[in-house]
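Take these sequences, add in the hints, and give me the full structure.
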Amino acid sequence: MKNFFLILFLMTSAFAQENEIKKTPLDIAIGIDEVKRFDYKFNQKIQVGNEGLLKLIVVPARQEITFRGLQPGRTSVTIRDTFGDIKDVFLVNVTSDGNSNIVREIRELLGDIEGIEISIKGGKVVVGGEIVVPEQYGRITTVLSRYPDVLVLIDYSRQTQLIVAREMQDAINRNNMKDVTVRVVNGDYWLEGVVNSQGKKDLAVSIADAYRPDNLVSLGAATGGSRVQVKQRGNIVNFVSVNEKKDPEPPKKLVKVSTQFVELTKDYNKVFAFKWAPFLSNDSAISFGRRNLGDGEGGGITTDESGTLAGTITRLFPQLNSAKSAGYARVIQQGMGVTNDGQQLRINKSTAVNFAVGTGQGQEARSVNIAFTMTTTPQIGTEENINLSPLRVTVSIPTTASGGTTPQVASNDVETNITVKSKESAVIGGVMQSTSRTDYDKDDPEGSAAQVPTSDGSDTAQQASQLFRLIRSKNYSTAKNQFVVFVTPEILESASKGTEEIRRKFRKRER
2 MKNFFLILFL MTSAFAQENE IKKTPLDIAI GIDEVKRFDY KFNQKIQVGN
52 EGLLKLIVVP ARQEITFRGL QPGRTSVTIR DTFGDIKDVF LVNVTSDGNS
102 NIVREIRELL GDIEGIEISI KGGKVVVGGE IVVPEQYGRI TTVLSRYPDV
152 LVLIDYSRQT QLIVAREMQD AINRNNMKDV TVRVVNGDYW LEGVVNSQGK
202 KDLAVSIADA YRPDNLVSLG AATGGSRVQV KQRGNIVNFV SVNEKKDPEP
252 PKKLVKVSTQ FVELTKDYNK VFAFKWAPFL SNDSAISFGR RNLGDGEGGG
302 ITTDESGTLA GTITRLFPQL NSAKSAGYAR VIQQGMGVTN DGQQLRINKS
352 TAVNFAVGTG QGQEARSVNI AFTMTTTPQI GTEENINLSP LRVTVSIPTT
402 ASGGTTPQVA SNDVETNITV KSKESAVIGG VMQSTSRTDY DKDDPEGSAA
452 QVPTSDGSDT AQQASQLFRL IRSKNYSTAK NQFVVFVTPE ILESASKGTE
502 EIRRKFRKRE R
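In terms of the working numbering, the sequence shown is residues 2 to 512.
Be aware that one or more of the hints could be misleading.
Here are the simulated lysine to aspartate or glutamate pairs, DMTMM-like style, with alpha carbons at most 20 angstroms apart [to be verified]: (1) K253 to D414; (2) K179 to E136; (3) K481 to E385; (4) K201 to E168.
Listed next, with one range per pair, are the computed distances between beta-carbon atoms [unchecked claim]: (5) R147 to A172: 34 to 40 angstroms; (6) Y329 to K475: 21 to 27 angstroms; (7) S120 to E385: 53 to 59 angstroms; (8) P26 to E65: 17 to 23 angstroms; (9) V133 to D82: 35 to 41 angstroms; (10) S495 to G139: 45 to 51 angstroms; (11) N51 to E118: 22 to 28 angstroms; (12) K481 to Q334: 17 to 23 angstroms; (13) K179 to E385: 19 to 25 angstroms; (14) K271 to S495: 56 to 62 angstroms; (15) Q45 to V186: 41 to 47 angstroms; (16) T142 to E65: 33 to 39 angstroms.
Rather than coming from a laboratory, the hints here were simulated on the basis of the structure. Glycine is no exception: its CB is placed at the ideal position from the N, C-alpha and C atoms.
Set out below in structure tokens:
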């Protein structure tokens with residue numbers, strides 16, 4: 002029984018709650034917003050019967066809802082509290098008159114522009130606010146030219162004017178007017194600073210005027226129903242003073258020139274020979290003889306015959322010779338220097354090597370120079386191109402003569418005119434030399450006679466004759482020599498930057 006009364010009480014409370022919900026009629030004209038404030042915290046998910054007729058602007062912090070009409074018609078708005086209970090229901094009737102139609106049309110055309118407000122105040126359609134993006138003025142001008150009765154109260158935002166002023170100042174400073182500044186004062190652009198000629202002062206005003214966007218003016222300033230006046234030059238206030246003096250010449254730029262000389266030498270030799278050439282000494286002799294030994298048995302005569310061969314045969318067995326040899330060498334020299342634009346740069350490193358020529362009293366002293374020399378005059382052109390004219394690199398490298406005792410010098414010289422981009426390398430010249438040789442069955446350098454020891458083993462040498470000669474040989478040799486010269490120019494901001502790399506290469510390192 003108790004449960005029955007409890008259920009009945011709850012049902013009665015529910016019906017009573019439904020009966021307490023009021024449906025409030027609300028008339029809204031397009032262009033005139035209606036603001037409602039509530040004494041409870043409402044759920045932000047508000048139910049609108051037809052969202053195409055009405056737009057709600059919710060401000061939860063202030064417990065406010067702004068009703069804005071979009072299209073003529075009737076719709077409902079249901080508002081719940083944070084617990085989900087229905088607290089208010091509005092029956093909204095959106096009406097439209099002449100001004101409302103204008104507001105609706107302008108909102109469709111300009112409603113997405115940030116910073117402007119379109120409303121009806123005092124029976125007038127008003128377009129006001131602060132424009133954030135200056136480029137939107139062209140669009141606003143085109144649209145509002147169709148509505149001459151619309152009151153325009155649009156201006157730039159403060160932040161936009163500061164951005165425009167900063168762009169003006171940067172452009173003026175880039176034109177060699179570093180002492181000119183631009184600031185915003187009461188909506189005007191003030192140009193302040195000092196220049197050294199009247200021409201630069203006029204140029205600063207022209208640059209600022211070029212950056213100044215179009216401006217919408219008030220009804221009082223407009224004439225003939227026009228709402229737009231393009232490029233009002235009166236808003237640029239020029240406080241720049243002129244101090245007649247010449248600009249100091251900027252310091253010349255620095256150029257670092259690096260050259261690299263690379264030489265590579267390779268050689269290869271292969272020998273194969275078969276030689277059979279025995280020798281017989283010239284004192285060799287062959288003798289034959291016969292002698293009688295007397296009467297033999299039976300009355301016969303007994304004789305004795307004998308032959309003698311005396312001599313020395315050398316190199317009786319054939320000789321076989323096979324050998325290979327190879328080698329390579331690499332020489333790298335690098336020069337680096339820093340100079341002003343248009344000034345000559347010369348680097349020279351020279352070493353003298355002394356040696357003696359001749360023997361005895363006819364001996365004399367001579368010397369050869371081993372050197373690395375680079376000379377050029379760099380000139381900076383457009384787009385960081387550097388003209389090296391003329392550029393000459395001379396390198397002298399020591400070599401060894403065929404006898405292996407007298408030093409010789411191989412000189413390499415490259416002279417050219419070339420243009421290279423900063424920090425890029427270019428090959429300015431080089432020479433490659435290749436030599437190959439093949440010999441077959443070359444004559445024996447010892448000839449047909451040779452010195453051989455005597456038959457008795459003494460140290461006295463005697464002549465020998467060649468019995469016969471059989472030789473088969475092949476000697477193949479090849480040698481390659483090439484050098485290449487690289488150059489790398491670079492534009493420097495200061496001399497210290499160019500010498501840092503040089504100091505790093507010669508930095509002392511301790512273990």
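Right, here's what the structure says about each hint:
1. K253 to D414: Given pair K253, D414 is violated - Cα atoms ~31 angstroms apart, limit 20 angstroms.
2. K179 to E136: violated, 28 angstroms
3. K481 to E385: violated, 38 angstroms
4. K201 to E168: Holds: K201 and E168 sit about 18 angstroms apart, inside 20 angstroms.
5. R147 to A172: 34 to 40 angstroms: holds, 35 angstroms
6. Y329 to K475: 21 to 27 angstroms: holds, 23 angstroms
7. S120 to E385: 53 to 59 angstroms: Hint holds: Cβ distance 58 angstroms, inside 53 to 59 angstroms.
8. P26 to E65: 17 to 23 angstroms: holds, 20 angstroms
9. V133 to D82: 35 to 41 angstroms: holds, 37 angstroms
10. S495 to G139: 45 to 51 angstroms: About 47 angstroms separates the Cβ atoms of S495 and G139, which means 45 to 51 angstroms holds.
11. N51 to E118: 22 to 28 angstroms: holds, 24 angstroms
12. K481 to Q334: 17 to 23 angstroms: holds, 20 angstroms
13. K179 to E385: 19 to 25 angstroms: holds, 23 angstroms
14. K271 to S495: 56 to 62 angstroms: holds, 58 angstroms
15. Q45 to V186: 41 to 47 angstroms: holds, 43 angstroms
16. T142 to E65: 33 to 39 angstroms: Since T142 and E65 have Cβ atoms about 34 angstroms apart, the given range 33 to 39 angstroms holds.
The structure fails hints 1, 2, 3 (numbered hints given earlier, in ascending order).
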